[in-house]
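J.: These are the residues of each chain, in order.
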Amino acid sequence: MTVASDTPARTAKRPNRLFKNLSAKIASIPMIITALFVFVGGTTWTVVYSFTGSRMLPKLQWVGLDQYDRLWTSDRWIISIKNLALYGFFSMILTLLIGFCLAACLDRKIRFESAFRTIFLYPFALSFVVTGLAWQWILNPDFGLQSLVRSTGWSTFTFDPLNNPDIVMFGLLIAGIWQGSGLIMCIMLAGLRGIDEDIWKAAKVDGIGTIKTYVVVIIPMMRPVFITSLVLIASGIIKLYDLVRAQTDGGPGIASEVPAKYVIDYMFQAQNLGQGFAASTMMLCSVVIILIPWAYLEFGGKKRG
Amino acid sequence: MTNSVEIRNLDLSFGAVEVLRNLNLDIQDGEFIVLLGSSGCGKSTLLNCIAGLLEVTAGQIFIKGQNVTWAEPSERGIGMVFQSYALYPQMTVRGNLSFGLKNAKIPKPEIEKRVARAAEILQIEPLLNRKPGALSGGQRQRVAIGRALVRDVDVFLFDEPLSNLDAKLRVDLRVELKRLHNQLQNTMIYVTHDQVEAMTLADRIAVMKGGNIMQLGTPDEIYNQPRNLYVADFIGSPSMNFISGNLESGVFKSGDLAMPMTGYDFMSQPVDRPVVIGIRPEHVVTGELVANAPLQFEANIDLVEPMGSDTLVYAQLGPENFRIRMDGQAKVKAGETIAIGIDPSRASLFDTKSEARL
Amino acid sequence: MTNSVEIRNLDLSFGAVEVLRNLNLDIQDGEFIVLLGSSGCGKSTLLNCIAGLLEVTAGQIFIKGQNVTWAEPSERGIGMVFQSYALYPQMTVRGNLSFGLKNAKIPKPEIEKRVARAAEILQIEPLLNRKPGALSGGQRQRVAIGRALVRDVDVFLFDEPLSNLDAKLRVDLRVELKRLHNQLQNTMIYVTHDQVEAMTLADRIAVMKGGNIMQLGTPDEIYNQPRNLYVADFIGSPSMNFISGNLESGVFKSGDLAMPMTGYDFMSQPVDRPVVIGIRPEHVVTGELVANAPLQFEANIDLVEPMGSDTLVYAQLGPENFRIRMDGQAKVKAGETIAIGIDPSRASLFDTKSEARL
Amino acid sequence: VELEVTHWWTSGGEAAAVAKFAEAWNATGNSWVDGAIAGSGGTARPIIISRILGGDPMGATQLNHGRQAEELIEAGLMLDLTDVAEAGGWKDIVNPSSLLDSCTLDGKIYCVPVNIHSAQWLWLSHDAYEAAGVPVPANWNEFVDSAPALQEAGIVPLAMGQQGWQQNLAFGAITIAVAGLDAWREVTVNKNADVARGPEYTAVFEAVAAARELARDSNVQDWNEATNMVITGKAGAQLMGDWAQGEFSVAEQVEGQDYSCLPGLGLNEILDTGGDAFYFPVNDDPEITAAQKELAALLISPEVQVSFNLAKGSLPVRGDIDMAAANGCMQKGLGILATGGILPSGDMALSADTQTQIEDLMAQFWSSDMPAAEAQEKYAALIESAD
Amino acid sequence: MADPATLNAAVAAGAMVGPAGPKPKRRFSRANIFLYGTLIMVSMYYLLPLYVMIVTSLKGMPEIRMGNVFGPPMEITFQPWVKAWAEACTGLDCTGLSKGFWNSVQILIPSVFLSIAIASINGYALSNWKFKGSEVFFTILIIGAFIPYQTMLYPIVIMLREIGLMGDLWGLVLVHTVFGMPILTLLFRNYFSSVPEELFKAARVDGAGFWQIYFQIMLPMALPIFVVAIILQVTGIWNDFLFGVIYTKPETYPMTVQLNNIVNSVQGVKEYNVNMAATLLTGLVPLIIYFASGKLFVRGIAAGAVKG
Ligand SMILES: Nc1ncnc2c1ncn2[C@@H]1O[C@H](COP(=O)(O)OP(=O)(O)OP(=O)(O)O)[C@@H](O)[C@H]1O
Ligand SMILES: Nc1ncnc2c1ncn2[C@@H]1O[C@H](COP(=O)(O)OP(=O)(O)OP(=O)(O)O)[C@@H](O)[C@H]1O
Ligand SMILES: [Mg+2]
Ligand SMILES: [Mg+2]
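Protein chains in written order, with our numbering: chain U, 15 to 319; chain A, 8 to 365; chain C, 8 to 365; chain B, 25 to 411; chain V, 21 to 328.
Wrong hints could be hidden among the right ones.
To be verified - In silico DSS-like cross-links for lysine-lysine, where the CA-CA straight-line distance does not exceed 25 Å:
| # | chain 1 | residue 1 | chain 2 | residue 2 |
| --- | --- | --- | --- | --- |
| 1 | U | K218 | U | K123 |
| 2 | A | K175 | C | K175 |
| 3 | C | K340 | A | K185 |
| 4 | A | K185 | A | K175 |
| 5 | U | K34 | C | K109 |
| 6 | U | K73 | B | K132 |
| 7 | U | K218 | A | K115 |
| 8 | A | K175 | C | K216 |
| 9 | B | K402 | U | K96 |
| 10 | A | K175 | U | K226 |
| 11 | A | K120 | A | K109 |
| 12 | U | K34 | C | K216 |
| 13 | B | K44 | V | K119 |
| 14 | U | K218 | V | K45 |
| 15 | U | K215 | V | K45 |
| 16 | C | K338 | A | K185 |
| 17 | A | K338 | C | K185 |
| 18 | V | K315 | U | K218 |
| 19 | C | K109 | C | K138 |
| 20 | V | K315 | U | K123 |
| 21 | V | K152 | U | K34 |
| 22 | U | K215 | A | K338 |
| 23 | U | K218 | A | K175 |
| 24 | A | K338 | A | K360 |
| 25 | A | K138 | U | K226 |
| 26 | C | K260 | C | K360 |
Since the hints were derived computationally from the structure, they do not count as laboratory data.
Using the sequences and the hints given, assemble the complete structure.
T.: Here it is as C-alpha cells:
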C-alpha cells in the first residue's frame with residue numbers, strides 16, 4: 015500500500031473545535047452563568063460599590079476609602095470581629111477536638127455505633143433558627159439550666175451566658191458546636207475508616223499504645239481530612255448569622271454581634287449600603303485569606319487530572 | 008529444643024465463620040516457611056494469630072517455647088511486614104525504623120546502632136532521612152523489612168510483602184529476601200499466593216485450603232510428590248495434566264489407554280480402584296527423547312504458545328486436553344501431530360474419591 | 008490493500024507533556040499485534056488514539072484505508088476491551104452486549120442474533136440475564152470481549168484485558184483469546200506489560216519505550232534478535248546476562264575473558280569498539296552438554312531458586328553476576344562451582360554507545 | 025381590590041390596632057392582605073425596602089416617617105399623594121403640622137401620617153410599689169430615689185428590653201428630662217457636638233449610667249416583655265413610648281389604679297411627635313394606584329383615626345376629632361399636644377444610619393460597664409460625623 | 021512461665037498447659053467503662069435540646085412558669101402543637117405555621133429537583149467531558165461556595181428584579197439553585213470522577229452521546245449520591261432563613277421565617293410551649309428525612325467530603 019495522504023479520499027478536515035462536545039457546553043451554561051454573573055459579577059459589584067457613598071440605593075458616588083475608615087473605627091465592627099475571632103477560634107478547636115474524639119470512640123468497634131452516630135449527627139439536620147431557639151430556652155436563667163442547678167440546693171450557681179456580655183459568645187458556642195460537630199465527626203470517622211488497617215497492626219507490633227497511635231501516627235495521616243474539616247468549619251463560621259439572630263440577636267447590647275449581622279443590619283436597617291458593602295468586602299477578604307492557603311495545599315501541591 | 012514456633016489445635020472464628028480449624032504447625036528454628044494458598048484460605052488469619060493481632064478462639068501458640076497465646080504482639084518477639092508496607096507516612100525512614108525502639112525505651116545509642124545495622128543490611132542508608140512518600144515501592148518494602156529487622160526479633164512474619172510490586176522488582180526483592188534469610192538465619196513465616204515465590208523461597212511450604220494445611224513439605228516434595236489432587240493441581244503453571252481412569256492390578260487404564268505403572272513409587276500396596284493420573288507438562292518428553300520413554304503416544308497440536316525460554320503446546324490426547332512444555336527453540340505448529348512420551352515414575356496417582364496420593 | 012490500521016506521524020501531547028512522538032505503525036489485516044512496554048510508556052495512549060478516545064495532536068490514523076483521524080469512536084469500526092472490564096453495572100449481560108447495537112439503531116432481530124452468536128462463541132449463554140456484579144472476573148472479561156464481538160468490528164483493541172485476573176485464570180483466558188483470534192481472524196491490537204502474554208499471543212510485538220516503538224517484530228525475533236539493549240533487557244525473565252567489554256577484530260574481550268564471536272550473525276561488518284554482550288540464562292549450558300559448547304567457564308553458585316519446572320541459579324562469573332536457567336530436576340547447591348558453556352551464535356552483541364545490535 | 029399592607033405591628037395591642045384599619049378597609053369592599061413582619065422596624069424595614077427595590081412592591085407599607093424613605097422617593101419608587109392630600113385638606117387638619125412636613129419632599133406629599141407617638145413616658149407598676157411599701161413616684165427623680173426600696177423587695181426597679189432601640193429611647197427620654205429641651209435640640213437637630221460634649225450631657229450620661237444599674241436584673245429582650253414585667257409587678261417601672269399603653273389595655277389594667285404613666289418622665293410637660301406613616305410604592309397597575317389613594321384617604325379619615333388610635337394607644341394626627349373615649353394616659357398626651365409642648369422626633373432629624381450607630385452605642389453602653397464619660401465622647405463623635 | 025522442659029513434655033503428651041484459647045476479659049474493663057461513659061455523657065448533651073423541646077411543648081403555660089425546663093410534663097397537653105400549627109399569630113395573620121409549611125414545600129420541591137438536576141449534569145460534564153475553560157468555571161464555582169452570602173445578597177436583589185422574580189417563589193427557587201450548585205457540583209463531580217473512566221470510554225465506543233451516557237449509564241449508577249444530594253438539599257433549603265427572609269414576601273414566607281416571626285411576636289408573655297412546638301414542627305421534616313436515611317447520608321458525606 016502506498017502512502018496516499020494526498021488523494022482526496024484520504025484527507026479529512028479537522029472539525030471546528032467550538033462545536034466539539036457541544037452538548038457538554040450547552041449543559042454547562044447554568045454553571046457558567048452562575049459562576050460568571052452571580053459569583054464573579056455579584057462580588058465585583060459589591061466590591062465596587064463599597065467605594066461609594068451609597069445609602070438606601072446604590073449610587074456611583076465615589077468616596078474612596080471613607081467607608082473602610084468608618085468601618086474600622088466603629089466599635090460594633092471591632093466587637094464583631096473580635097467576637098468572630100473568639101467564636102471561630104474556639105469553634106474550630108472544639109469542633110475538631112470533639113469531632114475527632116467522638117469519631118475515635120465510634121471507631122473502637124463499639125456496640126450501638128449507628129445509634130450513637132445518629133444521636134451525634136441529628137442536630138445537623140436542624141436549622142440554626144431551631145438550634146438557637148432551643149438553646150435560648152435551655153440557657154434561660156429563670157427556667158433552664160441555672161434554675162435546675164439552683165433547685166438542687168446550690169443557690170449561688172450562676173450560668174446565664176445569654177445575659178452576660180462577657181460570656182455570651184460561649185452561649186452561642188455551645189449551640190454552634192452542638193449543631194456542627196456531628197458532621198465533622200462523620201467526616202473524621204470516614205477518614206479513620208480510610209486508614210489502612212495494616213498501620214494499626216504495625217503500630218501494635220511496635221508496641222505503641224492506642225492513644226499514642228492516634229496522636230503520633232493517625233492524626234498526622236489524616237491531614238487532608240483535617241484540612242477539609244477546617245475549611246468546612248471556617249466557611250461556616252464566617253457565615254455565622256442565623257444562629258445569632260435566633261439565639262441572642264446580637265445581645266445583650268452588642269456583645270454578640272458578628273460581621274455577617276453587621277453587614278445585613280447596615281445594608282438594610284441602617285440603610286447605609288456603602289457601609290454594608292465595605293463590611294462584606296472585608297469578610298470576603300478574610301475568606302480569601304483562608305482559602306488561598308487551602309487551595310494551595312489542596313490543588314497546588316499535587317497535580318491531578 | 009528446636010521448635011521456634013509451635014501452633015497447637017488452633018481454632019479461629021469470626022462470629023459464626025470458622026476460618027481456621029484445629030490447626031497444628033511446628034516451625035523449626037531458622038526455617039523459612041511459606042504459607043501458600045488461594046485467596047481467602049486463611050493465610051493472613053493464621054499469620055495474624057501468630058502475631059497476636061487476632062485473638063484465637065481456641066488452642067495455643069508457642070514462640071521459642073514460651074506460651075504467648077495471651078501475650079501482646081510487641082511482647083512476642085516477632086516482626087511483621089505487610090503487603091501495603093504500612094509505613095508511618097509522616098515520619099522519615101529513620102523515624103519509622105526507630106519508632107518501635109523508642110517506644111520500648113531502648114537507649115539512644117543502641118537505637119542508632121541498630122538502625123545503622125539494618126540500613127546497612129538492606130542498603131537503605133542514603134534514604135534514612137527521606138519520607139516514605141519519596142520512596143519507590145521496592146524501597147518502601149525494604150524499609151518495612153527494616154522495621155522488623157531493628158527489633159532483633161526471633162520470628163519474621165511476612166504477609167504477601169511483594170504483591171504490590173511490579174514483576175521485575177518482585178524478582179529482585181525475592182532474591183534479596185532469600186539472601187537476607189541466608190545471612191540472618193532467623194525463622195521466617197511468609198504468606199503468598201504466588202507459587203513461584205513459594206517454590207523459590209521456602210525451606211518448607213504449607214499449602215492451605217479452607218483453613219486447613221493440605222500438605223507441609225519441601226518445595227521439591229510439594230512439586231514432585233503432591234499429597235493430594237488439590238496440591239497437585241494448585242502447584243505448577245501450566246497446571247498438571249490429569250487423566251481419569253482405573254487402576255487395575257498395577258496398570259492405569261483409561262479408554263484405549265493402558266499404562267503399566269512400573270517404576271512408580273506407591274505409598275502403599277496398590278489396590279484396584281478409580282484413580283486420576285497426573286503428569287506435569289515438562290515431564291512429557293518429545294522429540295528424540297521419546298524413544299527412551301517407557302510409554303509413547305501421538306498427540307495433535309492444538310495451539311502453540313512460544314514463551315521465549317520455552318514453548319507451551321496445547322495438544323489433544325484422545326479426548327483429553329494435554330499441556331506440554333517444550334524447549335524455547337522447538338519449532339512446532341498448530342495442526343501437526345507429534346510423538347510424546349511419558350515416564351510413569353514421574354507421574355502422580357490419586358484416588359478419585361479421597362483425592363489422596365497413592 | 009492489506010493494511011488494516013495505519014498510523015502516520017502520530018503526535019500526542021497532554022499539555023506540555025509529549026507522550027507520543029512521530030509514531031508510525033502499519034498493522035496488517037488479521038494480524039495480532041501486541042504493544043508491550045513498561046508502565047507509562049504510552050501504550051494505552053496509543054490505543055486510545057486509535058479508538059478515537061483521545062484527540063491526536065498531529066498525524067493521521069487510517070482504518071481499513073479510511074482516514075478516521077477525526078471520526079467518532081463509534082464510527083471507526085473498532086471494539087475495545089478494558090482492563091477493568093468497564094461493564095455497565097446496572098444492565099444485564101444481554102443489555103451490555105446490545106447497548107452499542109441499540110445506539111446504532113440496528114433492528115431488534117438482528118441484535119438478538121448477534122448477541123446469541125457472541126454468547127455462543129464465548130460460552131456465556133447461561134449468564135445472559137445476570138448483572139455484571141454476579142459474575143466472576145473471568146466471566147466479566149468474557150462479556151467485555153463479547154461487547155466488542157457483537158459489533159462486528161474490523162479491529163479489536165485490548166487494553167491489558169487480563170491484568171485484573173489471578174494468575175491461573177489469566178493463563179486460561181489467554182489461551183481462549185488466542186483460539187478466538189484463530190477463529191475470527193480479525194485484526195487485534197493488544198496492550199500489555201506482561202511479556203509472557205506478549206510472547207504467547209502476538210503475531211508481531213511492538214516494544215515501546217517513552218512513546219517510541221523500539222522494535223517491531225515476531226516474538227521469535229524480539230526474543231532472539233533484540234534490536235537494542237533496551238529490548239534485550241526488557242524481554243525475558245530472569246533477564247539477559249550482560250557483560251561489558253570490547254570487540255577486537257571479531258573477538259569479545261572483557262578482563263581475562265576472550266570469546267571469539269565465531270558463528271555470530273553480525274548485522275554488518277564488525278568494527279572494533281566498546282560493546283556489551285548479552286546471553287540469555289537458558290542459553291547457558293551446564294552438565295554434560297558443556298563439553299559440546301564452543302566456550303567453557305567455571306562459575307561459583309551464589310543462590311539457587313527451585314521453581315519446579317526449572318531451577319534458577321545465580322552465579323558469579325569473574326566479577327559479574329550471572330543467571331543460569333537449569334532443569335527443574337537439577338541438583339545444585341549454593342557454594343558449589345560448576346562448569347558452564349556459552350555458544351556465541353546464540354548471544355547478542357550491542358554497541359555500548361548507541362545500544363544498537365551489531 | 026386586594027392591597028397587601030406590610031407593617032411590623034405584631035404585639036397584642038398593635039395587632040388589635042391594625043385590625044381596625046383592616047376592618048375599615050374591608051368595609052369599603054376591598055380586601056386587606058396583612059403583611060405583618062415580626063420584630064422591630066429594624067427587622068422589617070430591610071424586607072420592605074428590598075421588596076420595593078426588587079420590583080415587587082406591596083400595596084402600602086408602614087415606615088417611620090422622616091428620613092427613612094427619602095431615597096426611595098428620590099428614586100421615584102413612591103406614589104405621589106399630593107392630589108389626595110389636597111382633596112382631603114390635610115394641610116389644615118394634620119396637627120402638629122411637622123408631621124406632614126416630614127412626608128413632604130420638594131413640595132409633594134408622599135406619605136400618610138397615621139398616629140403620633142411620643143417616647144418620653146415612664147410607666148409605673150402600683151403592685152410593685154405596694155409590695156415594696158413605698159408610694160408611687162411622681163417623676164423620674166423620685167423613681168430613682170425609690171429604687172433601693174424596690175430592690176430590697178426583690179423587684180427589678182427598671183425593666184429594660186435589651187435591644188438598642190429601646191435603650192436609645194430611654195436615653196432620649198432621660199436626655200430631655202435631665203438636659204432640657206434646648207440642649208437636646210442643639211445636639212439632635214443642629215448636630216452640635218460641642219454641646220454633646222458639654223456639662224448638660226455629662227449629667228445625662230451619668231443619669232443613664234445610674235439607670236443602667238437599676239435595670240441590671242432585667243433579662244428580657246422585647247419591649248413588651250419588659251412591659252409585662254411592669255404589668256405583673258415584677259418590675260417597678262419601664263421607660264417606653266406611649267404604645268406601651270396598648271399592652272396595659274390588653275391586660276385590662278386601669279390607669280391610676282393598676283399603673284401610672286408619666287409623660288416627659290413627670291419633669292417636662294413635653295413630648296416628641298414621632299409616629300408612623302404609610303407609604304404607597306409606585307405600581308404599574310392603575311387600578312391598584314387608585315386603590316392606594318383610596319386607602320390613603322381612608323387611613324386619615326376621622327373615624328378610622330379614632331378607632332385606630334384608641335386601640336394602639338397613640339395620639340391621632342388630626343386635632344379635630346373627639347377622643348373622649350381615650351383613657352387617662354392618652355388624655356394626658358392630648359393635653360400636652362394641645363398646649364403645643366411638642367418637639368420633632370429623632371427619626372426625622374437623624375438618618376437611619378446615624379440612628380443605628382447611636383443605637384449600637386447605647387446597646388453597648390447599657391449592657392457593659394462603659395464609663396459615662398467614654399460613652400459621652402463616643403456619642404459626641406457620632407453627632408459630629410452625622411449627616 | 022513454667023520450666024520449658026516440663027512444658028514441652030506436657031505438650032508432647034497432648035495436654036493443654038498454660039494459657040489457651042481467648043484471653044479472658046473482664047466484661048467491664050476500665051477502657052470500656054471510660055469509652056461508653058464518655059459516649060453516653062456526650063449523647064446526653066446532644067439529646068438534651070430535643071428532650072427539652074419535646075417536654076416543653078407538651079406542657080401548659082402555668083406549669084412552665086413554675087420553672088424546671090427539664091421536668092417531664094405533669095399534664096400532657098397538645099394544645100401548644102395545635103396552636104403552633106394553626107393558630108399562632110404574626111400580626112393579624114393567625115394561621116400558625118401551616119401556611120409557612122406549605123410555602124416551604126412549594127419552594128422545596130422545585131428547588132431540590134432543579135438544583136440536583138443542574139448540578140448532576142454539571143458534575144458529569146466536568147468529570148467526563150472537560151472542555152477548555154470548564155475547570156476555570158468550576159474553580160470559580162467552588163470558591164463561590166465559600167464567599168459570604170452577604171457580598172451577593174444585594175446584587176441578587178437587583179438580578180431578581182431585572183428578571184421579575186423578586187418576591188416570587190420561583191425567585192427563591194432560583195436562589196437556592198444557584199447557591200446549592202457549588203457544593204452539589206463538587207459532590208457529583210467527585211462521584212462521577214470515581215466512576216472508572218473506562219466505563220465512559222466503553223460507552224463512547226458503543227456510540228452513546230452526551231445525554232445517552234448521562235441517562236443510561238451514569239444516572240442509574242449515581243443513585244447513592246443522589247440520595248445524599250437530596251438529603252443535603254432538603255435539609256439545607258428547608259432550614260434556610262437568610263434567603264427566605266430577604267427574597268420572599270409574607271405570603272411566600274417559608275417555615276423558618278414564619279417560625280422566627282411567631283417566636284418573636286410576643287403577645288404578653290412568651291409562650292414557650294407554643295414556641296417549642298413550633299420549633300419542633302419546623303425541624304420535623306429534615307429530622308424525619310434524616311432519621312429515615314441517616315445511613316446513606318453518612319456514607320455519602322464520607323464519599324463526597326473526604327475525597328474532596
Ligand atoms: N474481620 C473479618 N470478619 C469476618 N470474616 C473475615 C474477617 N477477616 C477475614 N475473614 C474471612 O476469613 C477468611 C480468611 O481470610 P484471610 O484474610 O486469612 O485470607 P487470605 O488467605 O489471607 O486471603 P488473601 O490471599 O486474599 O489475603 C476469608 O474467607 C475472609 O472472608
Ligand atoms: N490525561 C493525562 N494527562 C497528562 N498526562 C497523561 C494523561 N494520561 C496519561 N498521561 C501520561 O502519559 C504517559 C503515557 O500514559 P499511558 O497511560 O499511555 O501509559 P501506559 O503505557 O498505558 O502505562 P500503563 O501500563 O501503566 O497503563 C504517562 O507518562 C502518563 O503520565
Ligand atoms: Mg491475606
Ligand atoms: Mg495503560
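J.: Look at each hint and say if it fits the structure.
T.: Do the hints match the structure? See the list:
Between the alpha carbons of U:K218 and U:K123 the distance comes to roughly 16 Å, so the proposed pair stays at or under 25 Å and holds. The hinted pair formed by A:K175 and C:K175 meets the criterion: a straight-line CA distance of about 19 Å does not exceed 25 Å. Restraint check for C:K340 and A:K185: satisfied, since their Cα atoms lie roughly 14 Å apart, inside the 25 Å limit. Taking the CA atoms of A:K185 and A:K175, the gap is near 16 Å; set against the 25 Å cutoff, the hint holds.
Taken as a hint, the U:K34 and C:K109 pair is honoured in the structure, with Cα atoms around 24 Å apart against an allowance of 25 Å. With a C-alpha separation of about 23 Å, the suggested pairing of U:K73 with B:K132 holds against the 25 Å cut-off. Of the supplied pair hints, the one linking U:K218 and A:K115 holds, its CA atoms being roughly 21 Å apart against a limit of 25 Å. The hinted pair formed by A:K175 and C:K216 meets the criterion: a straight-line CA distance of about 16 Å does not exceed 25 Å.
Among the hinted pairs, B:K402 with U:K96 is consistent with the structure: their alpha-carbon atoms are about 19 Å apart, no more than 25 Å. At roughly 38 Å between alpha-carbon atoms, A:K175 and U:K226 are farther apart than 25 Å, so this suggested pair is violated. The hinted pair formed by A:K120 and A:K109 meets the criterion: a straight-line CA distance of about 13 Å does not exceed 25 Å. Between U:K34 and C:K216, the direct Cα distance comes to roughly 32 Å. Violation of the 25 Å bound is thereby established for this hinted pair.
A hinted pair counts as satisfied when its Cα atoms are at most 25 Å apart, and B:K44 with V:K119 qualifies at roughly 24 Å. A distance of roughly 19 Å separates the Cα atoms of U:K218 and V:K45; the hinted pair therefore holds under the 25 Å criterion. Distance restraint check for U:K215 and V:K45: the Cα-Cα separation of roughly 21 Å lies within the 25 Å cut-off, and the hinted pair is therefore satisfied. Distance restraint check for C:K338 and A:K185: the Cα-Cα separation of roughly 18 Å lies within the 25 Å cut-off, and the hinted pair is therefore satisfied.
Restraint check for A:K338 and C:K185: satisfied, since their Cα atoms lie roughly 18 Å apart, inside the 25 Å limit. The suggested pairing of V:K315 with U:K218 is violated, with an alpha-carbon distance near 31 Å, which exceeds 25 Å. Between C:K109 and C:K138, the direct Cα distance comes to roughly 18 Å. Compliance with the 25 Å bound is thereby established for this hinted pair. Between V:K315 and U:K123 the alpha-carbon distance is near 17 Å, which keeps this suggested pair within the 25 Å criterion.
Distance check on the hinted pair: V:K152 and U:K34 sit about 11 Å apart at the alpha-carbon level, within 25 Å; holds. Using a Cα cut-off of 25 Å, the hinted pair U:K215 and A:K338 is violated, with the two alpha carbons roughly 53 Å apart. The suggested pairing of U:K218 with A:K175 is violated, with an alpha-carbon distance near 32 Å, which exceeds 25 Å. For the hint linking A:K338 to A:K360, the alpha-carbon distance of about 40 Å lies beyond 25 Å, and the restraint is violated.
With a CA separation close to 20 Å, the supplied pair A:K138 and U:K226 stays within the 25 Å bound. Of the supplied pair hints, the one linking C:K260 and C:K360 holds, its CA atoms being roughly 17 Å apart against a limit of 25 Å.
In this structure, the earlier hints numbered 10, 12, 18, 22, 23 and 24 are contradicted, and the remaining ones agree with it.
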